[in-house]
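Colleague: Could you build all of it, start to finish, from the sequences and the hints given here?
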Amino acid sequence: MNKRNHQDTSGGAGYGGIRKSDFQSMSCGKAKIWEEEQDAGGGGGGGVDELLAVLGYKVKCSEMTDVADKLEQLEIVMGAAPNLLRDTVHYNPSDLSGWLQSMLSELNNSPNTFHDRMLQSHHIDDPLRVPAESSSVNTNSQQQQFETTQSSRIYNDDSEYDLRAIPGSAAYPQTQDRERNQKRVKTSGGSNSAPPLLPSSSPIVGVAAAGTVSEPTRSIVLVDSHETGVQLVHTLMACAEAVQQDNLKLADALVKHVELLAASQAGAMGKVATYFAEALARRIYKIYPQDCLDASYSDILQMHFYETCPYLKFAHFTANQAILEAFATASKVHVIDFGLKQGMQWPALIQALALRPGGPPVFRLTGIGPPQADNTDALQQVGWKLAQLAEAIGVEFQFRGFVATSLADIDPPMVDIRPDEVVAVNSVFELHPMLARPGAIDKVLSSIKSMKPKIFTIVEQEANHNGPVFVERFTEALHYYSSLFDSLEGSGLVPPTQDLLMSEVYLGEQICNVVASDGADRVERHETLSQWRVRMGTAGFEPVHLGSNAFKQASMLLALFAGGDGYRVEENNGCLMLGWHTRPLIATSAWQLIVSDSP
Amino acid sequence: MAGSNEVNRNESKMVVPLNTWVLISNFKLAYNLLRRPDGTFNRHLAEFLDRKVPANATSVDGVFSFDVFINRSTSLLSRIYRPAHGEEPQINIADLEKPMTAEVVPVIIFFHGGSFAHSSANSTIYDTLCRRLVGICKAVVVSVNYRRAPENRYPCAYDDGWAALNWVNSRTWLQSKDSKVHIYLAGDSSGGNIVHHVALQAVESNIEVLGNILLNPMFGGEERTESEKRFDGKYFVTIRDRDWYWRAFLPEGEDRDHPACNPFGPKGKILEGIKFPKSLVVVAGLDLIQDWQLAYVKGLEKAGQKVKLLYLEKATIGFYLLPNNNHFYTVMDEISAFVDSNC
Numbered sequence: 001m002n003k004r005n006h007q008d009t010s011g012g013a014g015y016g017g018i019r020k021s022d023f024q025s026m027s028c029g030k031a032k033i034w035e036e037e038q039d040a041g042g043g044g045g046g047g048v049d050e051l052l053a054v055l056g057y058k059v060k061c062s063e064m065t066d067v068a069d070k071l072e073q074l075e076i077v078m079g080a081a082p083n084l085l086r087d088t089v090h091y092n093p094s095d096l097s098g099w100l101q102s103m104l105s106e107l108n109n110s111p112n113t114f115h116d117r118m119l120q121s122h123h124i125d126d127p128l129r130v131p132a133e134s135s136s137v138n139t140n141s142q143q144q145q146f147e148t149t150q151s152s153r154i155y156n157d158d159s160e161y162d163l164r165a166i167p168g169s170a171a172y173p174q175t176q177d178r179e180r181n182q183k184r185v186k187t188s189g190g191s192n193s194a195p196p197l198l199p200s201s202s203p204i205v206g207v208a209a210a211g212t213v214s215e216p217t218r219s220i221v222l223v224d225s226h227e228t229g230v231q232l233v234h235t236l237m238a239c240a241e242a243v244q245q246d247n248l249k250l251a252d253a254l255v256k257h258v259e260l261l262a263a264s265q266a267g268a269m270g271k272v273a274t275y276f277a278e279a280l281a282r283r284i285y286k287i288y289p290q291d292c293l294d295a296s297y298s299d300i301l302q303m304h305f306y307e308t309c310p311y312l313k314f315a316h317f318t319a320n321q322a323i324l325e326a327f328a329t330a331s332k333v334h335v336i337d338f339g340l341k342q343g344m345q346w347p348a349l350i351q352a353l354a355l356r357p358g359g360p361p362v363f364r365l366t367g368i369g370p371p372q373a374d375n376t377d378a379l380q381q382v383g384w385k386l387a388q389l390a391e392a393i394g395v396e397f398q399f400r401g402f403v404a405t406s407l408a409d410i411d412p413p414m415v416d417i418r419p420d421e422v423v424a425v426n427s428v429f430e431l432h433p434m435l436a437r438p439g440a441i442d443k444v445l446s447s448i449k450s451m452k453p454k455i456f457t458i459v460e461q462e463a464n465h466n467g468p469v470f471v472e473r474f475t476e477a478l479h480y481y482s483s484l485f486d487s488l489e490g491s492g493l494v495p496p497t498q499d500l501l502m503s504e505v506y507l508g509e510q511i512c513n514v515v516a517s518d519g520a521d522r523v524e525r526h527e528t529l530s531q532w533r534v535r536m537g538t539a540g541f542e543p544v545h546l547g548s549n550a551f552k553q554a555s556m557l558l559a560l561f562a563g564g565d566g567y568r569v570e571e572n573n574g575c576l577m578l579g580w581h582t583r584p585l586i587a588t589s590a591w592q593l594i595v596s597d598s599p
Numbered sequence: 001m002a003g004s005n006e007v008n009r010n011e012s013k014m015v016v017p018l019n020t021w022v023l024i025s026n027f028k029l030a031y032n033l034l035r036r037p038d039g040t041f042n043r044h045l046a047e048f049l050d051r052k053v054p055a056n057a058t059s060v061d062g063v064f065s066f067d068v069f070i071n072r073s074t075s076l077l078s079r080i081y082r083p084a085h086g087e088e089p090q091i092n093i094a095d096l097e098k099p100m101t102a103e104v105v106p107v108i109i110f111f112h113g114g115s116f117a118h119s120s121a122n123s124t125i126y127d128t129l130c131r132r133l134v135g136i137c138k139a140v141v142v143s144v145n146y147r148r149a150p151e152n153r154y155p156c157a158y159d160d161g162w163a164a165l166n167w168v169n170s171r172t173w174l175q176s177k178d179s180k181v182h183i184y185l186a187g188d189s190s191g192g193n194i195v196h197h198v199a200l201q202a203v204e205s206n207i208e209v210l211g212n213i214l215l216n217p218m219f220g221g222e223e224r225t226e227s228e229k230r231f232d233g234k235y236f237v238t239i240r241d242r243d244w245y246w247r248a249f250l251p252e253g254e255d256r257d258h259p260a261c262n263p264f265g266p267k268g269k270i271l272e273g274i275k276f277p278k279s280l281v282v283v284a285g286l287d288l289i290q291d292w293q294l295a296y297v298k299g300l301e302k303a304g305q306k307v308k309l310l311y312l313e314k315a316t317i318g319f320y321l322l323p324n325n326n327h328f329y330t331v332m333d334e335i336s337a338f339v340d341s342n343c
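Note that the protein sequences, when read in sequence, are chains Y and G.
Each residue of the first sequence is one higher than the last, beginning at 1 in my numbering.
Each residue of the second sequence is one higher than the last, beginning at 1 in my numbering.
Keep in mind that the hints were calculated from the coordinates and are not lab data.
Where hints are given, some of them may not hold.
[Claimed, not checked] These stretches of chain Y come out as covered by chain G in the derived footprint (C-beta under 8 Å, 3 or more residues):
id	region
1	68-82
2	311-317
3	472-481
4	551-558
C-beta atoms are modelled at their ideal positions from N, C-alpha and C, and glycine is treated no differently.
Modeller: Here it is as C-alpha cells:
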C-alpha cells in the first residue's frame with residue numbers, strides 16, 4: 001500500500017517540482033473513488049482524507065483548504081493575543097474543521113472582548129512581539145479578575161469547586177455558548193452547504209486504525225510475565241476451545257486443572273481465572289445460573305462496586321454533565337432513569353441544579369426498576385430519600401416509580417411526559433440486556449424517541465461480549481475482566497475490605513453470565529461504543545458531544561480516588577471513556593434526536 | 001500585522017503537502033494552547049486533545065500489539081508490536097509473549113517524540129509509526145511510555161528508558177536464536193535525545209546496543225545558532241517554544257548547556273574510546289535546531305564513533321508522520337538497511 005503511493009509521486013528526487021495538488025490527490029484519490037461509489041446524496045465532498053483519518057483526524061478533502069485557512073486565522077489571533085483561548089471548552093478534536101470553527105466563532109462573536117483584550121495585552125501594533133511575562137493577562141488570578149470585569153462569554157474552567165457536588169457555574173454555558181454548542185452538533189463542518197460530517201446513517205462510525213472497522217479491536221494490558229500465569233491462561237483458553245468443540249470430557253479435565261493453578265496464582269489473575277473456571281464448569285455441567293439474581297441482592301453488589309472503584313461514579317458524573325448542559329435554562333425538567341437502583345446518580349444532579357445560576361428548575365424523576373422478590377416498593381423508598389434531599393436544599397421535586405420486568409415493556413404514555421418540560425433519558429448499563437431478546441432494543445429506542453428527550457445519556461461497558469463465537473466471546477471477556485480486576489487490585493486495600501470482595505462477586509456474576517449462559521438468559525451482552533454508534537445512528541439519533549470541561553473534571557475526580565493512578569479518561573469522537581491504563585473499560589455517550597435541517 | 005508572518009505561513013505551505021501542513025499546524029495550535037508562560041502545562045487539555053488508539057491483539061496489516069508493564073510501581077508501560085506470521089488474525093493471548101521464530105529478530109526500543117511534554121506510546125501518530133517500523137525492519141518494536149515534563153523532569157525520561165532497556169534485554173522470548181536480544185534504540189525529537197542518553201548508560205553498564213536511530217533529535221544549547229536564527233518561526237517551530245520545553249525538562253536552575261540538552265557542549269561527556277553504538281541521524285533541512293543536530297553528528301565523528309548522517313534538505317519536522325513525501329520513503333529505506341546490515 002505504501003509503495004503504491006510512492007509510485008504516484010511524480011518522479012524525481014527533488015521536491016520543488018511537485019505541486020501541492022499532486023499530493024492532495026494522493027491522499028484524497030482513494031477517497032474520491034469511494035465518494036463516487038457511495039452516491040452520497042445531498043452535497044459534495046463525501047470523501048475524507050485517508051492519511052489524516054489513520055492518525056485520528058477526520059477532514060473532508062473538499063474542506064482541506066478551508067481548514068488550512070482556519071488554522072492560519074487562528075494563528076494570527078494566537079500570535080497577537082495568546083491568552084484569548086485559554087479558557088475555551090473544546091469538543092471533538094477529531095473533527096478538525098468543527099473544532100477550529102468553534103474557536104473562531106468564539107473569538108468572532110465578541111469583538112469588544114477581543115479588542116479589549118488586545119488593548120490589555122498591548123499587542124495591537126506588534127503581534128510578533130513576545131508578551132512579557134508580567135503582562136496582565138498571564139497569571140491565573142489576574143485572569144480571573146479580568147474575566148469577572150467583562151461579561152465573560154467564555155466560561156472559566158479553571159474554577160475551584162467542590163467536586164462532590166457537580167460544579168454549578170462550570171456546567172452552565174452562557175446562552176450564546178449553548179447555541180453555539182447546538183450549531184456545533186448539527187453541522188460539524190464549517191461550511192453550511194455540506195451535510196454534517198457525521199451523518200447518523202454514515203458508515204464512518206468513528207476513526208479506527210486502518211482496516212480495523214471489520215475486525216474487533218482486542219486491547220490488552222498485561223502485567224509482567226511472571227505474574228500473568230501464562231500456563232493459567234493457556235489452560236483457560238484450551239478449556240474454552242474444548243467447550244466450543246463440545247469435547248466435554250477434555251473440558252472437564254482442563255477446568256479442574258485451571259482451578260488448581262488459579263488457587264496458587266496470587267493477585268488479580270488468580271481471581272479472574274477462578275471466576276472464569278467456575279463459569280466454564282457451569283457450562284460444561286449445564287448448571288445454568290438461576291434466571292436473574294434477586295434484584296435487591298444485585299443492587300447491594302453494585303453498591304459495593306460503586307464504593308470500591310470509580311467506574312460507576314465516572315458514569316454518573318459524565319452523564320450528569322451532559323444532562324446539566326441540556327437542562328441549562330429549562331424551568332421544568334424530567335429525568336427518566338432506566339435503572340434507578342439505589343438512585344446514587346441523582347443526589348449530585350439535584351445539588352447541581354440547586355446551585356444553578358438563576359435558581360433550580362422543577363425536577364421530576366421517573367425511576368424504573370424490576371419487581372422485587374419480597375414485593376417491597378424499593379423504588380418508592382429511593383424516591384422518598386431523594387425527595388428529602390431535594391427539600392433540604394430547596395429543589396422542587398417529584399418522583400414516580402415504575403416497575404417493569406423489561407424496559408421493552410415500557411409504554412411512553414405511561415411515563416407521563418408533560419409538554420412544557422425538558423426531558424432527559426438516562427441509561428447506565430441498562431441497554432445491553434435488551435440485546436438478549438429479538439426486537440427489544442428497537443422497541444426501547446423507539447419508545448425513547450417518542451418521549452422526545454432533549455438528551456439521552458448512555459453508559460455501557462466498552463467491550464464486545466456479544467459475538468456469536470463462544471471462544472472469541474470468552475477471550476474478549478477474559479481480557480476485559482482481567483483489566484477490571486487488576487484495577488480493583490490497584491486500589492491497594494489490604495486487607496481486602498467487604499466492599500472489595502463484594503465488588504469481585506459483582507463482576508463474577510457478570511463473568512458467569514457471559515460465559516455460562518445463552519439465549520434470553522445471557523443478558524450481559526456488552527457491545528462497544530462503535531457498535532452502539534451504528535445502532536443509535538440507524539435509530540435516528542445523533543451525538544451530543546462531551547467536552548474538555550467534562551473531561552477535566554472527570555480526570556480530577558479520578559485523581560481523588562485511592563489507587564487512582566492507573567485510571568485514564570479518553571476522548572473519543574465526542575464521547576468519554578474511562579479505562580485502566582491504556583485499556584478503555586466504560587464509555588459515556590450522549591444523544592439527541594436527529595433534527596432535520598429544514599426550518 | 002500580516003507582514004512577515006504571512007510570508008512565513010506561505011513558505012511552510014510550499015514545502016509540505018497540504019494535509020501535512022494541516023496536521024502539523026494543528027499540533028502547533030494545540031500545543032500553543034497547552035504551554036503556559038509560567039512554565040506549567042495544561043495536562044488535562046493535552047490528554048483530551050491527543051488522539052489515542054488502543055493496542056490490538058488482532059493483527060492489522062500483519063502487525064499486532066499489546067501493552068505490558070515494565071515497572072508496576074511507577075506505572076511504566078510499553079506497547080509491544082510484533083509481526084504476525086500468517087497465523088489467524090486473532091492472536092491467542094497466551095501466545096503474545098511466545099518466542100520469535102526467525103533466526104535473528106531485531107528489537108527496536110522506540111521513544112516517541114513530543115519535546116518531552118507531549119504525546120504517549122498510545123498516541124495514534126506513534127502507534128502508526130511503530131507499526132510501520134515493524135514492517136520495514138521485520139522487528140519487534142517496544143514503544144516506551146516514559147514520564148513527561150514538566151511534571152517529571154530530567155532524569156525521569158532517561159530512567160524510564162533505562163528500565164525499558166533492561167526489561168527488553170532480560171526477556172527470553174525476545175531473544176534471537178543466539179540467545180541474545182538484538183537491541184536497537186530509536187526515537188524522534190525528544191525520543192532521539194533519549195536514545196543517546198540511554199545508549200550512553202548501556203555502554204557504561206555493558207549492555208550491547210546494536211544501533212541508534214535518531215529522527216530529528218532534540219538537542220540544544222545556550223548559544224543561538226545560525227539555523228535557529230534563520231528558521232525561527234518559519235517552519236512550525238519557534239526558538240521560544242524550544243526554550244519552553246527545555247525549561248520544563250531540565251532541572252530547575254539549569255541552562256541549556258546541561259549535558260542532557262547539549263551532550264557535546266561544555267558539560268558533555270567524553271565519548272572517545274568507548275564502544276558507543278553506530279548511529280543513524282536524520283536531520284531535516286528546515287528544522288531550526290539542525291545546527292545542534294549537526295553538531296551532535298560532528299561530536300560523534302570526532303569521538304571516533306560510527307555515524308551516518310541523513311540530511312534531508314527540504315524536509316520539515318514531522319515529515320515521517322505521513323507517507324506522502326519522498327523524505328518519508330528515503331528514511332524508511334535507510335532505517336531498514338541500518339537495522340538489517342548488522343544482524
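Colleague: Next step is simple, just say for each hint if it's right about the structure.
Modeller: Verification of the hints:
1. 68-82: It holds, with 10 qualifying residues against the three required.
2. 311-317: Result for this restraint: violated, n = 0.
3. 472-481: holds (count 4)
4. 551-558: holds (count 4)
In summary, the structure is inconsistent with hint 2 from the numbered list given earlier, while agreeing with all the others.
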